[in-house]
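Chemist: Taken in order, these protein sequences are the chains called A and B.
Quick note: the first sequence uses the UniProt record's numbering, first residue 1, plus one each step.
Quick note: the second sequence uses the UniProt record's numbering, first residue 1, plus one each step.
Calculated directly from the structure, the hints in this document are not laboratory data.
Just so you know, these numbers come straight off a predicted model, no measurement behind them.
Where a beta carbon is used, it is the ideal one built from N, C-alpha and C, also for glycine.
Worth double-checking, as some hints may not be accurate.
[Said to hold, decoys possible] From chain B, some residues computed to sit far from chain A (all C-beta separations above 12 Å): (1) Arg22; (2) Thr89; (3) Phe143; (4) Lys170; (5) Ile284.
[What the hints assert, rightly or not] Far from chain B, by Cβ distances over 12 Å, these chain A residues were calculated: (6) Asn21; (7) Phe31; (8) Ile33; (9) Asn41; (10) Ala42; (11) Ile43; (12) Gly45; (13) Asp46; (14) Lys54; (15) Leu92; (16) Phe95; (17) Phe119; (18) Met229; (19) Gln231; (20) Val239; (21) Arg252.
[Stated by the list, open to error] Just some of the chain B residues that point at chain A, by a computed CB distance under 7 Å: (22) Val70; (23) Gln73; (24) Asp92; (25) Ile95; (26) Met187.
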Amino acid sequence: MKTKKCNARLIVYELVNLAGNPFIAFFGCIFPILMLLIMSNAITGDVPESMVPKVNTAIFITMSLIVSMAVVLLGHSANYSQEMEKEIPVRLNLFGIPQRSIMLAKGIAQAVVLTLGLFFYTAIAYLTLDMEVPAVSTALCLLLCHYILAAIFFGIAHGLSGILKKFGPTYAITMVFYFGAMILCGMMGVQTNELPKALQYVAGLLPMSYIGSDFIDFWQGGSYNFGPMIQSYLFLGAVCGILLLAAGYKNRRVAK
Amino acid sequence: MLLSIDNLQVRYGKQVALHIDRPFVIEEGERIGIIGSNGAGKTTLVKSILGLTDYKGSIHTELKREQMAVHMQQNEYVNTMPVKVIMETILDTSIKNNKALQELISYFEFEKCLYKRFSHLSGGQKQRLTIIMVMLQNAPLTFYDEVTSGLDFETRQRLMEKLVNWYKDKENSLCIVSHYYEELEMMADKILLLEQGHIVDFGSKEELFRKYCGRSIFIIDNTEKNRALVSGIEKLEAPEHLLALPSGDVESEHRIAGLLVDADVNFKRSSSDIEIMSTNAKKIFKGQRGGAEYEN
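Looking at chain B on its own, in the form it has when it is part of the complex:
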């Protein structure tokens, strides 16, 4: 076990920002995706683990704080400072003599940025700067808090591909906070779902999908024609523009697929869709807690 949390509570004034009332454990080598709406407590959880905010309860870990690396949502440095100076000072090394750092700089195609001032970097370049420094720490536990927020689609895709490839054969534990489900599908093995400061559920992607969605789902556009076509079929909770049709076994899966193919409807089949899974998990969680009014 790398880290465990039990009964953790963080308050901002009178408001409870985070209340983890069930055990949450991070094992060695796990890749955990943390999702939830704005104000769900994702960043507060990371800050609590890093000791950046007051909390009640217990966080057990054998790791020293220096053994945890973090890419925060905001990673600012002195605007007028050359990037090379920032990097060499923070990492306490010289790029010239550090092969691992040279490899990372080259991997992220960052060579041309080294001689710029920090203020002259683009959003994506700023993210890459911190990612390079975080990766070089090679910490047993690394947090990435919304690492691609504010980046355009193409830059986000490229950055995620780099991150996924880099960690593919490595054993570091990762906690990835993100609003982008496809990023978590690429990087996470387990999902921690938070809602208004509470844990909705925690488990492997497959386990949670089976629990809330069944064997597989078909996702189609929410149009009048499609609604009429699937009117007799059970539906899961889904974003407003989509319809999600669960199938519990192979037979029902073939039946739904046949229906959609015959009607010439475009569809996506998935057995791991995090967005539909989390939407349904939150719906059940709200029901159990009595609507949207949570205990604060």
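So here's chain A without its partners, still in its complex pose:
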């Protein structure tokens, strides 16, 4: 038996694994579209017609964050915590599939599903709503922000599952974070700047609040100070790093 590297078979296995979780399809693909259409319908009725494309686009950007949060944060924490609870990763290790191969395959599968989710969401949004066309640089920047955010969410979900090793507590924590972030970052219809000061400070620690509120300002071009957003990425990245290190230490194998 040889140590197995991450390969196409392992990635397909992880894709089948993700397909087996219906919540990912619902919360990652259908729910953001529903939210987009409902919010657009509720809000654009009260704005001048000339402003509709801008408002729709702002809602589109904000709701797009649900895709990465649901697919990666909720999806991976639900799947991986159940696997940890049943010691499936250890079982795979004993068959010669090391942890890094499992993690890489899971990461690639998540990226594929996230890409499909974002594509589906964007296609429906542009086919059904009157939207502004973005500058190429802004679109690429938004995409990059999504993937970096997804990588951090993946690390947080992986770390939490590795530490807690139970589906219940892991899912509870990620759900609290998910709904908390939705409230703080404007996805529930309340803008970040309308929140109490203390909550605005907490929202400032999350990159989603900058994406949700600021990207519309340079959607069709212009400049933007990325400093505060990068700081929030560094903060969330540090949380992710600490969780991964703690999980790695807790689940280390004694003998190599």
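Starting from the known structure of chain A, fit chain B onto it as the hints suggest.
Modeler: Relative to the frame of chain A, chain B by itself:
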């Protein structure tokens, strides 16, 4: 020598789960049965060798971890995953192109299970799935940790027959952890007897039987009539429902057999009974250590 252990200690908190204070060696081609009560340290020993738990002491082996295969007590996979995908991914092969795998699937009559989801397999089918994958690894050292636990009698018997036949002409070393003595009688050449984390004894089945039981034993039901019949004969320690009568030579064996036949008592004669051997080994071990209080 395939693997040797010297002075191994595993603690769970303050409790010593395993303390092997005498050398334990696995040679190439040996079939070792590991027995002991619950909490004796059987699984802890397997986990230590596989590097799944912290330990103090030394485990020497030339084998890389990938050269050890293991069927753990719990072998779970993703519930929603088709069995064929699990098998092909873990073994990194396609069933269609792998003759050895096809042979194993057919040997274990597993063809119909391939297209089911893992959650739809029965207990016995789940065990067979892991056994097939473990066997295909063809590792120099393979561990089977309570491979038949939770299975009904018939399924257990069939599975053990398959395992015994498969390994009959092969040279792989096996370590079989089991609570079922008949399984160890079928598969093991040597017995490692553990009790509360300590080695009670280790040796060939025959050697240990002679040491603790003598040449042979007669086993009869522990009834009032039988107790009266054999009241003048030496007895070994045995489970409550049985009486075990040792015989040191052919003459005493004939004498006991004659007595039982004349009294029309059903009996079993054995020169390899692991259950009676281990019961007596543990009794002596406890006596040497001063009752049930072991050094922890």
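Chemist: Give a verdict on every hint.
Modeler: We went through each hint and held it up to the structure:
1. B:Arg22, annotated as away from the interface, keeps every beta carbon of chain A farther than 12 Å; the closest lies near 22 Å.
2. The claim that B:Thr89 is not at the interface with chain A is violated, since a C-beta of that chain comes within 12 Å of its own (minimum 4 Å).
3. Taking the minimum C-beta to C-beta distance to chain A, about 10 Å, the non-interface status of B:Phe143 is violated against the 12 Å cut.
4. Against chain A, the non-interface label of B:Lys170 holds: every CB pair exceeds 12 Å, the least being about 16 Å.
5. Every beta carbon of chain A lies more than 12 Å from that of B:Ile284, the smallest distance being close to 34 Å; the non-interface claim holds.
6. Remark: the non-interface label on A:Asn21 conflicts with the geometry, its nearest Cβ contact in chain B lying 8 Å away (cut-off 12 Å).
7. With a least CB separation of 21 Å from chain B, A:Phe31 remains clear of the 12 Å interface cut-off, as annotated.
8. For A:Ile33, the non-interface assignment is confirmed: its Cβ lies about 24 Å from the closest Cβ of chain B, beyond the 12 Å cut-off.
9. Every CB of chain B is more than 12 Å from the CB of A:Asn41 (nearest about 35 Å), matching its label as outside the interface.
10. The Cβ of A:Ala42 sits about 37 Å from the closest Cβ of chain B, beyond the 12 Å cut-off, so the non-interface label holds.
11. For A:Ile43, the condition that its CB be more than 12 Å from all CB atoms of chain B holds, with the nearest at approximately 39 Å.
12. With 12 Å as the threshold on Cβ separation, the claim that A:Gly45 sits away from chain B holds: the shortest Cβ distance comes to roughly 42 Å.
13. Even its closest Cβ contact with chain B, about 45 Å, leaves A:Asp46 beyond 12 Å, as expected for a residue assigned away from the interface.
14. Look at A:Lys54: its CB is around 43 Å from the nearest CB on chain B, clear of 12 Å, so calling it non-interface holds up.
15. Not every Cβ of chain B is farther than 12 Å from the Cβ of A:Leu92; the closest lies at roughly 7 Å, contradicting the non-interface assignment.
16. For A:Phe95, the condition that its CB be more than 12 Å from all CB atoms of chain B is violated, with the nearest at approximately 5 Å.
17. With a cut of 12 Å on Cβ distances, A:Phe119 stays outside the contact zone with chain B, its closest approach being about 24 Å.
18. A:Met229, annotated as away from the interface, keeps every beta carbon of chain B farther than 12 Å; the closest lies near 37 Å.
19. Under the 12 Å C-beta cut-off, the non-interface status given to A:Gln231 relative to chain B holds; the minimum distance is some 38 Å.
20. The claim that A:Val239 is not at the interface with chain B holds, since no C-beta of that chain comes within 12 Å of its own (minimum 28 Å).
21. Separation of A:Arg252 from chain B is inadequate, the least Cβ-Cβ distance of about 9 Å not exceeding the 12 Å criterion.
22. Proximity of B:Val70 to chain A holds as hinted, the smallest CB-CB distance being about 5 Å (cut-off 7 Å).
23. Because the closest C-beta pair between B:Gln73 and chain A is about 10 Å apart, greater than 7 Å, the hint is violated.
24. Annotation: interface hint on B:Asp92 holds; nearest CB of chain A at approximately 5 Å, less than 7 Å.
25. Hint status for B:Ile95: violated, given a least beta-carbon distance of 12 Å to chain A, over 7 Å.
26. A distance limit of 7 Å between C-beta atoms decides the matter here; for B:Met187 the minimum to chain A is near 21 Å, and the interface restraint is violated.
In this structure, the hints that do not hold are numbers 2, 3, 6, 15, 16, 21, 23, 25 and 26, in rising order.
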